[in-house]
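Produce the entire structure from the sequences given, and follow the hints as far as they go.
Top to bottom, those sequences are chains A and B.
Quick note: the first sequence uses our numbering, first residue 1, plus one each step.
Quick note: the second sequence uses our numbering, first residue 1, plus one each step.
Simulated from the structure, these hints should not be mistaken for laboratory data.
Where hints are given, some of them may not hold.
What the hints assert, rightly or not - In silico lysine-lysine, DSSO-like type, Cα no more than 30 Å apart, as pairs: (1) A/Lys116 / B/Lys300; (2) B/Lys165 / A/Lys120; (3) B/Lys158 / A/Lys141; (4) A/Lys120 / B/Lys158; (5) B/Lys158 / A/Lys116; (6) B/Lys395 / A/Lys141; (7) A/Lys27 / A/Lys242; (8) A/Lys115 / B/Lys165; (9) A/Lys113 / B/Lys300; (10) A/Lys116 / A/Lys165; (11) B/Lys165 / A/Lys116; (12) A/Lys27 / B/Lys300; (13) B/Lys109 / A/Lys141; (14) A/Lys113 / B/Lys158; (15) A/Lys119 / B/Lys158; (16) A/Lys141 / A/Lys120; (17) A/Lys141 / B/Lys165; (18) A/Lys182 / B/Lys300; (19) B/Lys135 / B/Lys361; (20) A/Lys115 / B/Lys395; (21) B/Lys396 / B/Lys135; (22) A/Lys113 / B/Lys165; (23) A/Lys119 / B/Lys165; (24) B/Lys396 / A/Lys141; (25) A/Lys83 / B/Lys300; (26) A/Lys119 / B/Lys300; (27) A/Lys165 / B/Lys300; (28) A/Lys141 / B/Lys300; (29) A/Lys83 / A/Lys115.
As the structure is a prediction and not an experimental result, all values here were calculated from the model.
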Amino acid sequence: MVEKSSDKIIIHAANVDKWFGNFQALKGVSADITEGEVVVVLGPSGSGKSTFIRCINQLEEHEAGEIVVDGIEINDDSRNLQKIRSEVGMVFQQFNLFPHLTVLDNVALAPRKVKKMPKKDAEELAMAGLTRVGIPEQAIKFPTQLSGGQQQRVAIARALAMQPKIMLFDEPTSALDPEMIKEVLDVMRELAESGMTMIIVTHEMGFAREVADRFLFFAEGQIVEQGTPDHFFNNPQEDRTKLFLSQIL
Amino acid sequence: MSIDSQPNSNFSILQRLVMAYEDSDAKSQLFKTKLHTAITLVTLVIVVWALFTIGQFMLNGEWQVIIDKRRAFMIGRYPEEHVWRIWPTVWMFAAVTGLSSALWLRPGKRVLISLLLAGSIISYLFLEFDSNALKFGFGLSIGLFGYALAYFGDTKFKLTPVFAKIAIAGWILLIPTMLVLLFIGDAPTTNYWGGLFVNVILAAIAIVVGTPLAVVLALGRTTQGYPAIQILTTSFIEIVRGAPLIAWLFMGRFVLPFILPSWFGLNEADVIIRTMIILIIFNAAYTAEVVRGGLQAIPKGQYEAADSIGFTYFQTLRLILLPQALRAVLPSLINQYIGLFKDTTLVYLISVVDVLEVGRKAFNELNYSGTALEVLVFVGFLFWVVTWSMSNLSKKVEENLGLGTR
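Shown next, in the form of structure tokens:
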């Protein structure tokens, strides 16, 4: 893919544990992700892959282990948390747009309120973002007036408006009709080519193979195997990985 | 004789009836079979009988009591030389209502014309009695002027943001202005407050102060991870809701002075202030449950999205949660407010002379014996006008806010 600008580690996770009641969702997960890297997280449902990326911006609090994002360690200091969240954008399976705001306001709100940008500048930035994802003409509509694919592209623009260093995608195309998946993947592909650090949970294997620098394969709360797409498709080592790949390919 | 067509809220009942009849479906169905014909005729008889009875009552009723006591109905025994304290609030209300309706509600020509007509009739009826008609008419003109100003300011000169700021400031300042005017200088004590004026003030204060309190209570009750706050707010809500309003009013009248420290300034005379406190608390507890319903209807994804773009708790609350929650529960909120407004008539039990009590006193006078029905119908009508305006307003607001939400 793109030449790496540096080998700087932007996300460092070490021995991360996460419990939901009696169920351990993450069992000592460790991973280092370098700046500009596109990482695709694979695994069966319930394997902890969503939980892992949700720990990175602390939508889930981990119980043990260490997570450092761009040199900021996640701890009890809420200012650190705020700082991390404004550097990490997230796109959800269900879009989670704000239904009471127009598309433009959805995108412009965070720069205005979090970065205290003047309204006019924030709206210009938002329009630029909407142009980037290909739907500037939908700016004055409300989210529910848009198709699923368009809503997800707005969600991507909303996350990008904070000019994050890292983008997390939690099954971004799973709630979409098949004919709308491509338009969202195209936006993500463009983003990957621009050198954005991305962590993507997805089942779109063709897309994953094309954009990923590295695959992380999760099973039962652990990273079972990792490597390049070539490694995974041609030479998987673990039985669990082989089984998973045989089921979804 | 089922009428299949969807009722259209933009038309009056009469227009809808005519339309339903013109609709060939209904036309043929009214007399479709013998049964249809029979039902139609029976209905017709009932309607004609009801209209005839109401008409007869309107024509033959002893309405003199309403005209004689009109002043007491409105303001009780508030001294004449202090009435100037009340009118500015009325005018201010008219002005901001005019401005706001032009800015946000855009009532149809029909609504404007009927308001104008109603205003003129009231002015005309009162004209032969005293100068209050002029003051009322002045208020009406201010309202219309505000409407016209905002209307043309919007369509011709793009001054909407300016007018919007003025209107919002007006709404915020309305009740403080009213209170200042009622209390500055050698103002009559609250013992002199009475009539519809008291019902409106009590309800307005309970709504305006109680609703923010309700939001705080609802947030406290739904909060995660702070059990102390949860226990405190939940017990508050449950205890207040657990006893009838009358019990709380008596409590305010007779017990509150002993509980609260004396520097609170609640001497024996200030029954109204104590009633206000009780109504604020009572309304807050009920409204809190309405707001809680709205908060709980918001999907978890909204919180996560707000968190993920770096909002603080208060930003999430102000920008994402409350706008959606309050919009969703607007019909229930208005329902609560309408109930509260009518509950203010209970204050007669702690010897506040509200509009209903003025009426009761009036028809118990020897001069006006036998006018109970007329008086009660009139008082009912006053309440109906206010609550009907509230429900129509909420309908309009819902229509305006509904865009893009569902």
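### Message
Please list, smallest to largest, the hint numbers that this structure does not respect.
### Response
Failing hint: just 20.
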